[in-house]
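**Student:** The residues making up each chain are set out below.
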Amino acid sequence: MTVTTEVRSRRSALTRNKLPNWAPWAVAAGALVVSAALLALAGFNVWGWAVLAAVLFVAANWAVSFAVEGARKAADRFATSLMFGAFIVALVPLVSVIWTVLANGIAGFSLDFLTSDMQGVRGRVDNATAAGESPLMGGIAHALAGTFLITLWASIISIPIGLLTAIYLVEYGRGGRLSRAITFFVDVMTGIPSIVAGLFAAGLFAVIAGPGFKAGIVGAVALSVLMIPVVVRSSEEMLKIVPNELREASYALGVRKWRTIVKVVIPTAISGIASGVTIAIARVIGETAPLIVTAGFVTRMNTNVFSDWMASLPAFIYYQILNPTSPTNPEPSTLRAWAAALVLIVLVMLLNLGARLIARIFAPKTGR
Amino acid sequence: MSSNALTESGSAGRAGDKIFSTAAMVAGSLILFVLFCVAVFLVKESIPALTADPADLKGGVSFFTHIGALIIGTLIAAAIALLLATPVAVGVALFISHYAPRRLAQGLGYVVDLLAAIPSVIYGAWGVTVLAPALVPTYVWLAENAGWIPLFTGPASATGKTMLTAGIVLAVMIMPIITSLSREIFLQTPKLHEEAALALGATRWEMVRMAVLPFARPGIVSAVMLGLGRALGETMAIALVLSSGPMIASLIQSGNQTIAAEIALAFPESSGLQTNALFAAGLVLFIITLAVNMVARWIVARHKEFSGAN
Numbered sequence: 001m002t003v004t005t006e007v008r009s010r011r012s013a014l015t016r017n018k019l020p021n022w023a024p025w026a027v028a029a030g031a032l033v034v035s036a037a038l039l040a041l042a043g044f045n046v047w048g049w050a051v052l053a054a055v056l057f058v059a060a061n062w063a064v065s066f067a068v069e070g071a072r073k074a075a076d077r078f079a080t081s082l083m084f085g086a087f088i089v090a091l092v093p094l095v096s097v098i099w100t101v102l103a104n105g106i107a108g109f110s111l112d113f114l115t116s117d118m119q120g121v122r123g124r125v126d127n128a129t130a131a132g133e134s135p136l137m138g139g140i141a142h143a144l145a146g147t148f149l150i151t152l153w154a155s156i157i158s159i160p161i162g163l164l165t166a167i168y169l170v171e172y173g174r175g176g177r178l179s180r181a182i183t184f185f186v187d188v189m190t191g192i193p194s195i196v197a198g199l200f201a202a203g204l205f206a207v208i209a210g211p212g213f214k215a216g217i218v219g220a221v222a223l224s225v226l227m228i229p230v231v232v233r234s235s236e237e238m239l240k241i242v243p244n245e246l247r248e249a250s251y252a253l254g255v256r257k258w259r260t261i262v263k264v265v266i267p268t269a270i271s272g273i274a275s276g277v278t279i280a281i282a283r284v285i286g287e288t289a290p291l292i293v294t295a296g297f298v299t300r301m302n303t304n305v306f307s308d309w310m311a312s313l314p315a316f317i318y319y320q321i322l323n324p325t326s327p328t329n330p331e332p333s334t335l336r337a338w339a340a341a342l343v344l345i346v347l348v349m350l351l352n353l354g355a356r357l358i359a360r361i362f363a364p365k366t367g368r
Numbered sequence: 369m370s371s372n373a374l375t376e377s378g379s380a381g382r383a384g385d386k387i388f389s390t391a392a393m394v395a396g397s398l399i400l401f402v403l404f405c406v407a408v409f410l411v412k413e414s415i416p417a418l419t420a421d422p423a424d425l426k427g428g429v430s431f432f433t434h435i436g437a438l439i440i441g442t443l444i445a446a447a448i449a450l451l452l453a454t455p456v457a458v459g460v461a462l463f464i465s466h467y468a469p470r471r472l473a474q475g476l477g478y479v480v481d482l483l484a485a486i487p488s489v490i491y492g493a494w495g496v497t498v499l500a501p502a503l504v505p506t507y508v509w510l511a512e513n514a515g516w517i518p519l520f521t522g523p524a525s526a527t528g529k530t531m532l533t534a535g536i537v538l539a540v541m542i543m544p545i546i547t548s549l550s551r552e553i554f555l556q557t558p559k560l561h562e563e564a565a566l567a568l569g570a571t572r573w574e575m576v577r578m579a580v581l582p583f584a585r586p587g588i589v590s591a592v593m594l595g596l597g598r599a600l601g602e603t604m605a606i607a608l609v610l611s612s613g614p615m616i617a618s619l620i621q622s623g624n625q626t627i628a629a630e631i632a633l634a635f636p637e638s639s640g641l642q643t644n645a646l647f648a649a650g651l652v653l654f655i656i657t658l659a660v661n662m663v664a665r666w667i668v669a670r671h672k673e674f675s676g677a678n
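So the sequences go chain by chain: C and X.
Number 368 marks the last residue of the first sequence (the working numbering); no jumps.
Number 678 marks the last residue of the second sequence (the working numbering); no jumps.
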């Protein structure tokens with residue numbers, strides 16, 4: 001009531017029937033107090049308090065606005081609360097994920113963790129760790145090496161194919177039947193579930209090298225099935241925005257088409273292409289499913305992608321949680337999994353940040 | 369022939385042109401070939417399982433009975449994920465594009481993109497170590513108070529490793545994807561439409577409803593469909609979170625299984641006909657996700673001229 005009298009005292013038609021800016025805050029404070037009081041009767045807990053207060057706030061804010069400002073403004077305020085609510089609801093699990101990885105990851109992380117592998121780390125060792133008799137043993141050196149090599153080979157396979165395909169689509173295809181087919185099937189490839197890509201690679205190498213063949217290169221082939229469409233799409237977009245005047249100027253000077261592409265078109269688009277490729281690498285580096293069906297899993301270092309099973313960082317996390325080294329004391333394994341998860345997240349974030357940086361550094365100079 | 373620089377010098381360059389254009393075309397055709405191979409290998413490896421005698425297969429049931437349960441499990445998980453993620457994701461996208469202070473909005477958009485890049489195995493690890501234990505009291509409460517609904521029949525799982533938990537983890541995973549796709553479409557709404565709505569006296573919500581949402585609707589649908597495609601094919605989160613079992617209606621007991629998780633869990637130890645059955649399961653998953661993605665692209669293509677979804 002005090003609100004309406006204050007507004008009336010200004011006697012402006014424009015501000016009449018409008019809640020002051022502090023009104024939502026007042027309602028929020030009221031909702032907090034009332035819900036705390038209600039919960040105090042039934043037994044207090046923080047989550048219940050937050051949820052009840054939020055519901056009360058949304059309802060009260062709508063009611064107050066409806067009484068003073070009318071139905072339309074009330075609907076607007078209601079929608080605004082829902083948007084903020086959606087944002088907060090989304091934040092809770094995501095913050096929880098990041099927090100869990102950081103808190104547990106840092107607890108399990110050490111320099112030894114990066115430089116040792118899991119050879120000799122058996123249930124007995126973990127039992128000793130859990131009993132507090134020894135520090136956390138084992139590490140991810142083998143998994144890091146595996147992830148690096150598999151991703152490297154996946155990049156070696158998919159970057160040239162992806163880039164050349166994008167060049168074909170933009171420079172040579174000119175909307176012909178083949179280029180339309182390629183565009184369509186690249187779209188289809190984008191939607192292949194990662195586990196199916198893994199099955200494909202496993203099936204392919206079962207034919208080439210005999211059934212049950214598992215090695216790093218099989219994983220790399222599986223990953224490149226996932227990586228090629230990303231590289232094609234991003235490179236295509238980047239090549240498309242190279243101005244035609246540049247190409248025509250080059251042709252007018254008598255330069256051959258392939259020289260034009262290599263010396264003019266690609267250097268102009270290189271920043272976008274490089275950042276697209278980096279994003280593609282970031283996408284496949286965390287893929288787990290294709291690797292556990294193609295590359296197997298081992299506890300020791302293997303640097304040969306063409307023979308023997310190979311560990312990788314995501315598979316390491318997966319197996320440490322699914323089959324703890326010591327079934328009776330899973331804590332050390334869980335700790336190792338989180339530390340590996342931290343390393344993996346840092347890698348992915350660095351690649352994403354690197355992509356932004358590349359895009360900025362190599363952006364063509366505009367001369368202004 | 370006279371030695372004319374214009375006609376003669378080009379032999380080296382012409383060869384370069386030929387080589388380069390051929391290489392580009394070969395690379396493009398290679399993609400078609402690879403995709404063709406994916407289909408061929410999956411079909412070839414599947415056939416033994418499809419035609420096998422039920423007695424030779426796992427559990428002694430025919431492949432189609434086996435895969436039927438897995439398909440239903442996959443659909444349940446994806447449905448839970450979509451039901452939970454879509455409203456929140458669209459809300460967050462609208463919040464970032466039209467509600468948050470501008471200076472905050474760009475940073476938030478960037479954070480959402482980073483979250484979409486977090487590997488799924490990490491979401492799975494979070495789901496099984498943090499979310500599942502945290503949900504147990506809720507499940508117990510649901511079993512006691514809503515047990516008469518078939519979906520919440522007790523006794524609730526003591527570990528929390530249930531279909532509902534798996535669905536929630538999937539929702540958390542696909543939310544950043546749907547958010548970042550729909551945010552981009554919301555940002556493409558013609559500024560003039562928005563300003564016209566506001567100039568006619570619309571409130572912000574009315575502006576969103578009258579100018580932004582109609583423009584973005586096909587884009588939202590296709591973003592949701594792409595999220596659905598991701599949820600259907602997602603492996604690790606389910607493999608880690610769900611304690612699988614035979615098909616049941618209750619979402620708060622352990623049970624059910626999805627195609628992708630079944631492949632990931634069973635493939636490393638499988639051999640012979642069982643491997644063929646897993647390949648066939650992969651083929652079914654491939655066809656389902658293909659259909660979903662095709663529908664998504666069809667929706668986008670149909671509304672291409674009228675919206676910012678392309």
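No lab work stands behind these hints, which were simulated from the structure alone.
Quick caveat: nothing in here was measured; it's all calculated off a predicted structure.
From the three backbone atoms N, C-alpha and C, an ideal C-beta is built for every residue, glycine too.
Treat the hints with care, since some could be wrong.
Stated by the list, open to error - If you only want the chain X side, here are some residues facing chain C, beta carbon under 7 Å, derived:
#1 L398
#2 L462
#3 Y467
#4 V489
#5 I490
#6 V540
#7 L560
#8 E563
#9 L566
#10 L568
#11 G597
#12 M604
**Student:** Which hints, by number, does the structure contradict?
**Tutor:** Hints 7, 8, 9 and 10 not satisfied by this model.
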